[in-house]
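Colleague: Note that the protein sequences, when read in sequence, are chains D and V.
In this text, residue positions in the first sequence follow our numbering: the first is 2, and each later residue adds one.
In this text, residue positions in the second sequence follow our numbering: the first is 2, and each later residue adds one.
Each hint should be verified, as a subset may be incorrect.
Stated by the list, open to error - Computed list of chain V residues with no C-beta within reach of chain D, every gap over 10 Å:
1. 12
2. 36
3. 106
4. 107
5. 113
6. 204
7. 212
Unchecked claim - Simulated restraints on C-beta separations:
8. 61/V to 25/D: 54 to 64 Å
9. 208/V to 187/D: 28 to 38 Å
10. 153/V to 6/D: 36 to 46 Å
11. 91/V to 13/D: 22 to 32 Å
12. 211/V to 9/D: 33 to 43 Å
13. 95/D to 52/V: 30 to 40 Å
14. 54/D to 193/V: 23 to 33 Å
15. 209/V to 50/D: 30 to 40 Å
Because the hints were derived from the structure by calculation, they are not lab data.
The beta-carbon is built from N, C-alpha and C at its ideal position, and this holds for glycine as well.
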Amino acid sequence: MAPESQLQQQEAAWVLLMRAAQAGDARRYDELLRSVTPFVRNLTRRYCRDPSLAEDVVQDVLLTVHRIRHTWDPQRPFSPWLAAIAARRGIDRIRRATRIARHEVSDELAMETFSVPAANNESGALRAAEAIEPLLAALPERQRRALEAVKLRGLSVAQAARESGQSETALKVSVHRAVKALRKLVATGKDDDI
Amino acid sequence: MEKRGTEQLIASLSQGLAPVRPLRPPARRALLWLCAIALVIGALLLRFADLAAWAGRYSEWRMAIEAAATLLTGVTAVVAAFHLSLPDRSSLWRYAPLPPLLLWIATSGLGCLQFGVGLGPPGARVGESTHCFAFIIGVSVPLTVLLFAALRRARPLDPLPVALTAALGVAALAAFVLQFFHHFDVTAIDLATHLAAVLCVVGLAGAARRVLG
């Protein structure tokens, strides 16, 4: 069968299904929506290349079809009506993406709250926190855990000792040694990034 | 969201589907709206306007063309707004009111030149212009509310051109009605005031476009 004739048949079928849908036939409406979804998917790919985002647009189009199904004139073809809705929703998606790209910056660290209040207010705090990470990683495991618990997470010595299974004295020694080791690391020039 | 989500969406949309009555063709809806408005405005004009004086003034060709162009701007803009409110109608409808609008401005401008570009007789003219401004706004606001109520049924996907065209339509209709009470020739100030009032209505309607969605 020629593709043109196939399209005509498809259009005629959609017109019949949509007329039935406007009359409240749920089964035919379901059939119509399932039948038009690949067509809508093809149309929306022009506006959105990311498949998961394109599927969002497809669903947006289906919701719009449902919301304004009374605006289709049963005496007119169905495909141009559907294509116009898909185009509109595709354009809306592009505009939204452009708006977000223009006004918003994705920065997960921006939402982080530090235990020291001043660190939340200083613009350099985030950079410092990032820079100290490799230095912490260079410490022995026992010392690093002790320092993180007491100095970064703000636990008391007793809480941190319970958590790590050490005595309070041993934990204090670990923290003291960790701070001393960090100072040494910074002093020996491994703090270039800070 | 993935394709499975789409399947679920389709199932939920189909469930409990309510029948809907398709909207009538936009030209017919526009005509019905215009006829209803014409009946109300016609009755008010019969009651309050001096129709004989108006007919006398508008027997002159330039005035007749100006009145016809004003009315035509209103009618075409209203018809265009009804078309634009539907997703599958040409977006070129937004340009339909432009030819009569240009003719309206041109004939009014010609009147200004014909009777002198000046401010007209001293004294009351600025006050008259203020009345003209208030008249156009005062008539346009209720007409806009009525027209928006009719257009809202289509839930336009892009409400801005619909709102702007509709507002141009009602403002032009208001300016046409004003001509029944405008017993003097249009001066430059009048023309500027009329256009400012029309722009005001269009701007306000544009700001209120979300009402249509």
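Colleague: Decide, hint by hint, whether the structure agrees.
Modeller: How the hints compare with the structure:
no. : hint                       : verdict
1   : 12                         : violated (7 Å)
2   : 36                         : holds (21 Å)
3   : 106                        : holds (32 Å)
4   : 107                        : holds (35 Å)
5   : 113                        : holds (42 Å)
6   : 204                        : holds (22 Å)
7   : 212                        : holds (16 Å)
8   : 61/V to 25/D: 54 to 64 Å   : holds (58 Å)
9   : 208/V to 187/D: 28 to 38 Å : violated (58 Å)
10  : 153/V to 6/D: 36 to 46 Å   : holds (40 Å)
11  : 91/V to 13/D: 22 to 32 Å   : holds (24 Å)
12  : 211/V to 9/D: 33 to 43 Å   : holds (39 Å)
13  : 95/D to 52/V: 30 to 40 Å   : violated (54 Å)
14  : 54/D to 193/V: 23 to 33 Å  : violated (49 Å)
15  : 209/V to 50/D: 30 to 40 Å  : holds (36 Å)
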